[in-house]
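Please put together the full structure from these sequences, using the hints given.
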Amino acid sequence: MSEIMIRVDHVSKKYRLGQIGGTTLRAELQRLGARIRHKEDPTRRIGAHVYKKGETFLALDDVSFDVQKGERIGIIGRNGAGKSTLLKLISRVTAPTDGMIGLNGRVASMLEVGTGFHGELTGRENIYMNGAILGMSRKEIDAKIEDIIDFSECRQFIDTPVKRYSSGMYVKLAFSVAAHLDSEIMIMDEVLAVGDMAFQKKCLSKMNDVSQAQGRTILYVSHNMNTIRQLCTRCIVLDHGKLVFDGETEEAIARYMELGGASFEKEIELNTASRRRGTPRKVHFTRAEIHRENNIYSSEESLDLTYTLDADADYDDIRLMMILFALDGTRIGKTESETFSVRRGVNEIPVSVPLEGLADGQYYFEIGILQRSRSFGREMLDCIPNVLPVNISNLEVFGFRGDRWWSNYWGHIMLSPIRLLNQ
Amino acid sequence: MDGKQFKTTITSKHKLFDLHLRETFRYRDLIFLFVKRDFTAKYKQTILGPLWAIIQPLLTTVVFTVIFGKLAKLTTADVPGDFLLPGFLFYMAGNICWSLFSSTVEVTSNTFLRNRATMGKVYYPRLVAPISAACSNLISFAIQFVLLIGFLLFFVFTGRAVIRVTPALLLLPLLVLQILILAVGCGIIVSSVTTKYRDLAMLVGFGLQLWQYASPIAYGLELIPPSVRGVYLLNPVTPIVTGFRYALFGFGFFDPGYYLISWGVTLLVFFIGLLLFSRIERTFMDTI
Chain P
102 MSEIMIRVDH VSKKYRLGQI GGTTLRAELQ RLGARIRHKE DPTRRIGAHV
152 YKKGETFLAL DDVSFDVQKG ERIGIIGRNG AGKSTLLKLI SRVTAPTDGM
202 IGLNGRVASM LEVGTGFHGE LTGRENIYMN GAILGMSRKE IDAKIEDIID
252 FSECRQFIDT PVKRYSSGMY VKLAFSVAAH LDSEIMIMDE VLAVGDMAFQ
302 KKCLSKMNDV SQAQGRTILY VSHNMNTIRQ LCTRCIVLDH GKLVFDGETE
352 EAIARYMELG GASFEKEIEL NTASRRRGTP RKVHFTRAEI HRENNIYSSE
402 ESLDLTYTLD ADADYDDIRL MMILFALDGT RIGKTESETF SVRRGVNEIP
452 VSVPLEGLAD GQYYFEIGIL QRSRSFGREM LDCIPNVLPV NISNLEVFGF
502 RGDRWWSNYW GHIMLSPIRL LNQ
Chain D
892 MDGKQFKTTI TSKHKLFDLH LRETFRYRDL IFLFVKRDFT AKYKQTILGP
942 LWAIIQPLLT TVVFTVIFGK LAKLTTADVP GDFLLPGFLF YMAGNICWSL
992 FSSTVEVTSN TFLRNRATMG KVYYPRLVAP ISAACSNLIS FAIQFVLLIG
1042 FLLFFVFTGR AVIRVTPALL LLPLLVLQIL ILAVGCGIIV SSVTTKYRDL
1092 AMLVGFGLQL WQYASPIAYG LELIPPSVRG VYLLNPVTPI VTGFRYALFG
1142 FGFFDPGYYL ISWGVTLLVF FIGLLLFSRI ERTFMDTI
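Heads up: the protein sequence lines correspond to chains P and D, in order.
Heads up: the first sequence at position 404 corresponds to 505 in our numbering, and the numbers run straight through without jumps.
Heads up: the second sequence at position 3 corresponds to 894 in our numbering, and the numbers run straight through without jumps.
These are computed hints drawn from the structure, not numbers from a lab.
Incorrect hints may appear among the rest.
As the list claims (entries may be wrong) - In silico lysine-lysine, DSSO-like type, Cα no more than 30 Å apart, as pairs:
#, chain 1, residue 1, chain 2, residue 2
1, P, Lys245, D, Lys933
2, P, Lys170, D, Lys898
3, D, Lys927, P, Lys240
4, D, Lys935, P, Lys245
5, P, Lys435, P, Lys383
6, D, Lys927, P, Lys264
7, P, Lys240, D, Lys935
8, D, Lys1087, P, Lys115
9, P, Lys343, D, Lys898
10, P, Lys170, P, Lys245
11, D, Lys935, P, Lys264
12, P, Lys240, D, Lys898
13, P, Lys302, P, Lys264
What the hints assert, rightly or not - Ranges of calculated distance between the beta carbons of each label pair, as one might list FRET restraints:
#, chain 1, residue 1, chain 2, residue 2, range
14, D, Val1122, P, Asn180, 56 to 62 Å
15, P, Asp283, D, Ile1054, 50 to 56 Å
16, P, Ser267, D, Ile1040, 46 to 52 Å
17, P, Gly220, D, Leu1044, 39 to 45 Å
Claimed, not checked - Sample of chain P residues facing chain D (criterion: CB under 8 Å; computed from the structure):
#, residue
18, Ser192
19, Leu204
20, Gly217
All residues carry an ideal CB built from backbone N, CA and C; glycine is no exception.
Put into structure tokens, the structure is as follows:
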């Protein structure tokens, strides 16, 4: 049964620095001049990562893995880890510098929004275009066209030039073509981000479907761990061009988090952090210092930290509030402190935030300072969204050690266990 | 590790001439669709539509007839004493040849830049793009050719022109093919080089203009002094254009020796182009 569909065998891809991107003869001469005078390359993009190893950097460094037929592989890693390069090599867009890639079947990538589509052509004509670019023959498309149109939900507009389409419709059409292709290997690169929720769901279930029913192999790249969880049977983690993990999805995600997918800072500068507008900032956050060395907690623990507040006068009716969000932006809940007073100038407020009941996953907070004023009831003095990332990792789920929490089905709160009353 | 168990293997090595011809043939539907796309996209939202394919060479021909024929009074004879042909037909024949050549060079020289969105995302034989560009230009040429024949018959039947039907007529398809091969050859050389240096792309439009003046389009070969004609005829376009007129009208200039040299240059350019192209197509995404 197991049949190798893709073999990536000691593959490296080397890029020469300073030649990435189109250049002109003039830039090339400037570069040469700079090299002779041992100055910095004047044409290099400012802030570009310098992975110097002579004059080159390895986008992929000796990567090897096999993919079996019907597997759904997630490829995760930070920006610049080499994910897209790997996909480019597998889809034969560019050639590796070293090593070999073997493929047992046709590869179909889903085209990005707009690419492969011609604005002047109708949706139907574009389906043929897109299909042909992906290697389908006319006959194959003829056989599939009705399915494709149905799946894309664009039937009403199918004979309208696609330049009048919304970007969501583009994505739907592009995905539909790729999904209905008879290719053995399907590559999806973070493409579902644009479609609406319902369509995303539909795409994921379609991908599950084609891989299970037709035994098609899927390579999926995304930063959205939820979709990775839903789709992938196995994951590969890349970091700086190296394959650092290959195995079970949850473990891979954990590995990726460690790599700094959610980075940890012990001291957080809040003075310059971006804020909600329209807050008077009579009292405002300047700093937060976390009392430990990482941000991985179990739900029995609490998030202990010291806020530094700056006040323009004395107030004795101040409260802190924190709203908890899951990584996908779902609001989980809100908590407030008791009322306390601050003096004019710098105030240090140590606090402890219980994390009780939170299920495994990544969270972050929106923090604010409230004043209970007589005239308005309550006023928000300062509010900073998207700070204090927290990772919850519980050893047990309802008493079972090592069990996994399925947050897509169960939500983010582990409610207190049910009590059996007659015992 | 050998890759025998796989249908496709991708490595860093490549053969000198790896053109994926069989694969290219498998993608013939794509060539067809590209041609169709070029055509629809070009004429959508225009009132006259494909008529533009005719209007353009027609107007150029009229302008040539007036400026070079009537005002500058340049000769329209390729060999001495051979001016039975109205200037209009002479210019039109040269113009449609030239526009087939120049538009094909222009489009194919942009192959990689124009298609980088799709080429950067999926693999399809890269040669599909220049081939389809050549095909869509051939269609325009065919329309223009029919128009030319129409004018030719009109002039002949109204007694304003005399032509000879000779066996050279059979050379026509070969000449058209040669124009395409030469143009695609030049185009893909430029396109391969422009993946790294854009400078050449700037040169194409200008270069083509100069090249046109160096070819007997706006004047007859007769205009060139015999002392430099030997060099002049080395321009591969010259024997093609004069040959085209010779085949069509039955008189003019045709020298088998220079014609063979022209073929030699054409094939040389084409193979250099293919060589560069097959080198570049594997990694052009890294530098484009």
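Right, here's what the structure says about each hint:
1. For the given pair, Lys245 of chain P sits about 28 Å from Lys933 of chain D by alpha-carbon distance, which is consistent with the 30 Å threshold.
2. Between Lys170 of chain P and Lys898 of chain D, the direct Cα distance comes to roughly 14 Å. Compliance with the 30 Å bound is thereby established for this hinted pair.
3. In summary, the hint linking Lys927 of chain D to Lys240 of chain P is supported, as the alpha carbons are separated by about 17 Å, within the 30 Å threshold.
4. At roughly 27 Å between alpha-carbon atoms, Lys935 of chain D and Lys245 of chain P fall within 30 Å of each other, so this suggested pair holds.
5. Restraint check for Lys435 of chain P and Lys383 of chain P: the C-alpha separation of about 23 Å stays at or below 30 Å, so the hint holds.
6. Proposed proximity of Lys927 of chain D and Lys264 of chain P is supported: the alpha carbons are some 18 Å apart, at most 30 Å.
7. Taking the CA atoms of Lys240 of chain P and Lys935 of chain D, the gap is near 26 Å; set against the 30 Å cutoff, the hint holds.
8. For the suggested pair Lys1087 of chain D and Lys115 of chain P, the alpha carbons sit about 17 Å apart, so the restraint of at most 30 Å is met.
9. Our distance criterion of 30 Å between C-alpha atoms is met by Lys343 of chain P and Lys898 of chain D, whose separation comes to about 26 Å.
10. Taking the CA atoms of Lys170 of chain P and Lys245 of chain P, the gap is about 23 Å. The hint holds against a cut of 30 Å.
11. In summary, the hint linking Lys935 of chain D to Lys264 of chain P is supported, as the alpha carbons are separated by about 12 Å, within the 30 Å threshold.
12. Straight-line distance between C-alpha atoms of Lys240 of chain P and Lys898 of chain D comes to about 23 Å, which keeps the hinted pair within the 30 Å bound.
13. For the hint linking Lys302 of chain P to Lys264 of chain P, the alpha-carbon distance of about 26 Å falls within 30 Å, and the restraint holds.
14. For the pair Val1122 of chain D and Asn180 of chain P, the beta carbons lie near 58 Å from each other, so the given range of 56 to 62 Å is met.
15. Separated by about 55 Å at the C-beta atoms, Asp283 of chain P and Ile1054 of chain D satisfy the suggested range of 50 to 56 Å.
16. Remark: the range hint 46 to 52 Å for Ser267 of chain P to Ile1040 of chain D is upheld by a beta-carbon distance near 48 Å.
17. Here the CB-CB span from Gly220 of chain P to Leu1044 of chain D is close to 41 Å, well matched to the stated 39 to 45 Å.
18. A hinted interface residue such as Ser192 of chain P counts as satisfied when its beta carbon comes closer than 8 Å to some beta carbon of chain D; here the least separation is about 6 Å, so the hint holds.
19. Restraint check, Leu204 of chain P versus chain D: the minimum CB separation of about 4 Å is within 8 Å; hint holds.
20. Satisfaction of the interface hint for Gly217 of chain P is found here, the shortest Cβ-Cβ separation to chain D being roughly 5 Å, below the 8 Å cut-off.
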